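A.B. asks: What follows is the residue order along each chain.
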Amino acid sequence: MAKNKSNTYENVVKPIVVLVVICLITSALLAVTNYFTAPIIAAQEQQAAYAAYFEVLPDADNFTSVEGFATSGVEEAVKADNGSGYAFRAIGKGFGGDVPVIVGVNMDGVITGVSFLQNSETSGFGARLWDGSADGPAYAAELTGKSGSVALGQDGVNGLSGATVTSTAVVNAVNSALSCFAEVALGQAAVVEQAAPTTLEEAVAILVGDGATYTPVEFATAGVQEAGALDDGSGYVFLAVGTGFGGDVPVAVVTDASGVITGVSFLQNSETSGFGARLYDGSEDGPAFAAQLVGKSGSVSLGSDGVDGLSGATISSTAVVDAVNSALSCYNEVAQGGAPVEAPAAAPASLDEAVTAFLGEGAVAGEAEGATAVYTSADGALTLIAVESEGYSDETAPLTVATCFDADGVVTNLWVDVSGQTQGLGSRTGEADFTDLFVGLSDAAGVDGVDAIASVTESSDGVKAGVAACMEIFQTMKGGN
Amino acid sequence: MSNKVKILTNGLLKENPTLRLVLGTCPTLAVTTAASSGLGMGIAAAFVLVCSNIAISALRKVIPDKVRLPAYITVIATFVTIVQMLVKAFLPELDTALGVYLPLIVVNCIILGRAEMFASKNPVVDSALDGIGMGLGFTLTLVLMGSFRELISKGSIFGVMLLPESLDRFTLMGSAPGGFFTFGLFMAIVVWIEIKTNNRIKRSIGCEGCPSKGACAGKGECE
Amino acid sequence: MENRLLVTASPHITGRDTTRGLMGNVIAALVPCIVAAAIIFGWQALLLVGVTTAACVGFEYLYCLILKKPNPVGDLSAVVTGIILALNMPVTMPLWIAVVGAFIAIVIVKQLFGGIGANFANPALVARIALFSGFSTRMTAVVIPACVGVDALSSATPLQTADMGSLPLLDLFLGKYGGVMGETCSLAILIGLVWLLVSRTISAVIPVTYLATVAVLFAIAGQPVLANLLTGGLLFGAVFMATDYVTSPFTLRGKLVFGLGLGLITFAIRMWGDLPEGVSYAILFMNLLVPYINDLTRQVPLGGGKKHG
Numbered sequence: 001m002a003k004n005k006s007n008t009y010e011n012v013v014k015p016i017v018v019l020v021v022i023c024l025i026t027s028a029l030l031a032v033t034n035y036f037t038a039p040i041i042a043a044q045e046q047q048a049a050y051a052a053y054f055e056v057l058p059d060a061d062n063f064t065s066v067e068g069f070a071t072s073g074v075e076e077a078v079k080a081d082n083g084s085g086y087a088f089r090a091i092g093k094g095f096g097g098d099v100p101v102i103v104g105v106n107m108d109g110v111i112t113g114v115s116f117l118q119n120s121e122t123s124g125f126g127a128r129l130w131d132g133s134a135d136g137p138a139y140a141a142e143l144t145g146k147s148g149s150v151a152l153g154q155d156g157v158n159g160l161s162g163a164t165v166t167s168t169a170v171v172n173a174v175n176s177a178l179s180c181f182a183e184v185a186l187g188q189a190a191v192v193e194q195a196a197p198t199t200l201e202e203a204v205a206i207l208v209g210d211g212a213t214y215t216p217v218e219f220a221t222a223g224v225q226e227a228g229a230l231d232d233g234s235g236y237v238f239l240a241v242g243t244g245f246g247g248d249v250p251v252a253v254v255t256d257a258s259g260v261i262t263g264v265s266f267l268q269n270s271e272t273s274g275f276g277a278r279l280y281d282g283s284e285d286g287p288a289f290a291a292q293l294v295g296k297s298g299s300v301s302l303g304s305d306g307v308d309g310l311s312g313a314t315i316s317s318t319a320v321v322d323a324v325n326s327a328l329s330c331y332n333e334v335a336q337g338g339a340p341v342e343a344p345a346a347a348p349a350s351l352d353e354a355v356t357a358f359l360g361e362g363a364v365a366g367e368a369e370g371a372t373a374v375y376t377s378a379d380g381a382l383t384l385i386a387v388e389s390e391g392y393s394d395e396t397a398p399l400t401v402a403t404c405f406d407a408d409g410v411v412t413n414l415w416v417d418v419s420g421q422t423q424g425l426g427s428r429t430g431e432a433d434f435t436d437l438f439v440g441l442s443d444a445a446g447v448d449g450v451d452a453i454a455s456v457t458e459s460s461d462g463v464k465a466g467v468a469a470c471m472e473i474f475q476t477m478k479g480g481n
Numbered sequence: 001m002s003n004k005v006k007i008l009t010n011g012l013l014k015e016n017p018t019l020r021l022v023l024g025t026c027p028t029l030a031v032t033t034a035a036s037s038g039l040g041m042g043i044a045a046a047f048v049l050v051c052s053n054i055a056i057s058a059l060r061k062v063i064p065d066k067v068r069l070p071a072y073i074t075v076i077a078t079f080v081t082i083v084q085m086l087v088k089a090f091l092p093e094l095d096t097a098l099g100v101y102l103p104l105i106v107v108n109c110i111i112l113g114r115a116e117m118f119a120s121k122n123p124v125v126d127s128a129l130d131g132i133g134m135g136l137g138f139t140l141t142l143v144l145m146g147s148f149r150e151l152i153s154k155g156s157i158f159g160v161m162l163l164p165e166s167l168d169r170f171t172l173m174g175s176a177p178g179g180f181f182t183f184g185l186f187m188a189i190v191v192w193i194e195i196k197t198n199n200r201i202k203r204s205i206g207c208e209g210c211p212s213k214g215a216c217a218g219k220g221e222c223e
Numbered sequence: 001m002e003n004r005l006l007v008t009a010s011p012h013i014t015g016r017d018t019t020r021g022l023m024g025n026v027i028a029a030l031v032p033c034i035v036a037a038a039i040i041f042g043w044q045a046l047l048l049v050g051v052t053t054a055a056c057v058g059f060e061y062l063y064c065l066i067l068k069k070p071n072p073v074g075d076l077s078a079v080v081t082g083i084i085l086a087l088n089m090p091v092t093m094p095l096w097i098a099v100v101g102a103f104i105a106i107v108i109v110k111q112l113f114g115g116i117g118a119n120f121a122n123p124a125l126v127a128r129i130a131l132f133s134g135f136s137t138r139m140t141a142v143v144i145p146a147c148v149g150v151d152a153l154s155s156a157t158p159l160q161t162a163d164m165g166s167l168p169l170l171d172l173f174l175g176k177y178g179g180v181m182g183e184t185c186s187l188a189i190l191i192g193l194v195w196l197l198v199s200r201t202i203s204a205v206i207p208v209t210y211l212a213t214v215a216v217l218f219a220i221a222g223q224p225v226l227a228n229l230l231t232g233g234l235l236f237g238a239v240f241m242a243t244d245y246v247t248s249p250f251t252l253r254g255k256l257v258f259g260l261g262l263g264l265i266t267f268a269i270r271m272w273g274d275l276p277e278g279v280s281y282a283i284l285f286m287n288l289l290v291p292y293i294n295d296l297t298r299q300v301p302l303g304g305g306k307k308h309g
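Residue numbers (the working numbering), protein chains in the order written: chain A, 1 to 481; chain B, 1 to 223; chain C, 1 to 309.
Treat each hint with caution, since some may be false.
Simulated crosslink set (DSSO-like; lysine-lysine; CA at most 30 Å straight-line) [to be verified]: (1) B:196 with B:14; (2) A:14 with B:66; (3) C:69 with B:14; (4) A:79 with B:88; (5) B:88 with B:6; (6) B:121 with B:14; (7) B:61 with B:4; (8) B:196 with B:4; (9) B:121 with B:66; (10) B:6 with B:196; (11) B:4 with B:14; (12) B:121 with B:61; (13) B:6 with B:61; (14) B:14 with C:68; (15) B:61 with A:14; (16) A:14 with B:121; (17) B:4 with B:154; (18) B:14 with B:88; (19) B:6 with B:121; (20) C:68 with B:61; (21) C:69 with B:6.
If you are wondering where the hints come from, they were derived from the structure by calculation, not from laboratory data.
Keep in mind the model is a prediction, meaning the values are calculated, not measured.
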């Protein structure tokens, strides 16, 4: 009996008890050690994380995180414990995404140092900020010593040559950091970028005021999606759309009662980051462009009267101008009772549609050397000749030019197949603005005199060559007859 | 007293844990790429070894045989964690240099092996001396191997550049093949010393020649 | 009692070959390569060959002297190792590194494992690989010989040219391109091969199987066959290093398997591996497998026989 009991004690109880006691003692030891070492370890890790800040504010001893700041574009703000200044991690919108910039600012608001963290800008361009070459540090040196705000091209801030978008992103980030300094150190109001509006109501709230309301009105003008009259009678609001590089460019326009633009706001669009996206991405360019449009009335055009648009983003800027003009036409319609400007008749979408549109029903097909198609109208008065010309990129479909002549060889209509050309560029050669220039011409000299669309030289020349070829074929046909 | 001295010096050469008992090979090969990491690892392991030997020896009559391994491991792991916390807090560069091999001291065969072979059967003072001796032997070996490998593969010892810059470095020494070769070389040197001092014991293969034969009493249970 | 030297079934005829004689033939076969190296790369080639060979012989002599073993230097195997190792190095190799290579080959790979006949892999080969890993910049400092006429061949190694089919084959054949000393002149290697075959020093099975496998595999893969055969030390390895007696199989079947395996691994490394050339690692790998190949391709005596333990 006693043996059994001691066996149980030996085999079961004692091992358990011993193990438990050992575990308790070891846990206690570990807890004590941890108590003493954990703060030290945490401090060291923070030191490592703050390593970048020490680089830009060398006089600092240690940093404490600053909470509760509202300035947009700044991810983290820390204050030096010894009062030597602040350091910020700010973000600018670059070509490939975020461009993180560390900025150190001393208590006088002067930049003490700038350093660039890893970013996804293009290798050889924006990536020069951090890839170890001398360009990054050189740019950082240009920014050191500045205060208040910086701008590209002023005061020795040249940025990275050939990497304007990234350099601008850096400038934006630095300015965000300086604004944040103003907020946390000087107690000024935070500069908070609002997210770009996505609806007309949001835009109106920004442009007119939070309480503004409007009543929708009927309209027929093309290019406008929404139109309304402000309930307080101060004017009208429109949501107009232009065709940009990547799709629609929605623009909200507010006019006063007499049709003068009082505010323009760009809604979110799908234009290219760093280019057309600057309209709404929070950089200064969008608001600057908007400011150029304020005060205009009737119609606006790019390049005149102070309307410069976004540098380097012509297509998006043109889209904006088109949208604004649509809005102003709509104002004409709803406020002044003018005739709605309807969308121009859709251009023919295919050669067959062009034949029907220009020659009417019953056109007869024919042949001629050098032409891909020849049609004569039922009454024989009009002839349509189609040739293949070379545009900028003919990969999906060749640049087919179809010219319609009357009996004397004068151009009456022109159709261009732009399905294979670049949307927003070569495709503009098919638009009435361009094709109308050829109507009434009858010889090659006249064709030569037609101005190519700016930045669309190759496709324009392709169309012109096509028209000239059609003329030749027409002459041959006539001469041979 | 000479017995105590004998215990102390045992770990230096005659039963050098790395070169004669062939314990703790993995960290040896990994950490001897530079002399300074070898030194750091050796001291850390030695500290753990002494503490665990003392603790286990003190508890040797209390811990039942059935649960001796879990108990040993718990004790060893505790000391290793304490060492790790101290190193992280006060010697962060060493922490980076040793990397994962610092917490791996827990499974370093030297420590568990000595706990089994010696500390569980001997009084505290003796166990402490054994721990010091083994730790010293381990550290010495690591430093020597590390210096050798560092000298040939980088040209420096403890970071002090000794070979002229223009002399090519044999980088193979810094990687695995070089590690094994150095290991074999040092083992051969130790055996040669043994022969020269007439201490060579012809060990046979099998339980008879196993350094841990004391632990399992030759029954062949290598746990 | 089983005589462990017998690897085939009876009947046996004793030949008159001695190790010294065989090695002498190999040295003679290597002479064209040495001459070619001297012509293409200059007189420093001869110096390098001489120093490496002297170091090999020296180390073997010293080792056996210190460890009180009989002096094997007379069998000329160290000389062969020295020449082969030297021809595996670029002509710009510093002499002291060549001596280190000799140490690795003779002392570590050959003598430590038991001397001639007991090495687990070709000594010169392992030394070459060790130097390649340890002194990589020196080993890959490929020298472009002055006689290179064509632009395509003036880059580091023709094996890394994208379009190997456009390399001028005659230049490749005559060795007018950059590389280590022995691998470039295919003509010299082939002369050596002919002598080795004529003097019945080696059997043609291994080189032929090796090269044929590589050729067939590259042809299937659509890669230029001849350009691949003539570059990257393939010919040199196939003729002089893969045929080493100690580290290649005994029987015909074994040799076939050996050559096949070599070709496969070389092809795989060249096609999909990061390394520029696969010959040395292929030979090393197959060397390690030789004991198993021997076991599996042992000749069965006529009428069957007991399985060897």
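A.B. asks: Tell me, in ascending order, the numbers of any earlier hints that this structure violates.
C.D. replies: 5, 17, 18, 20, 21
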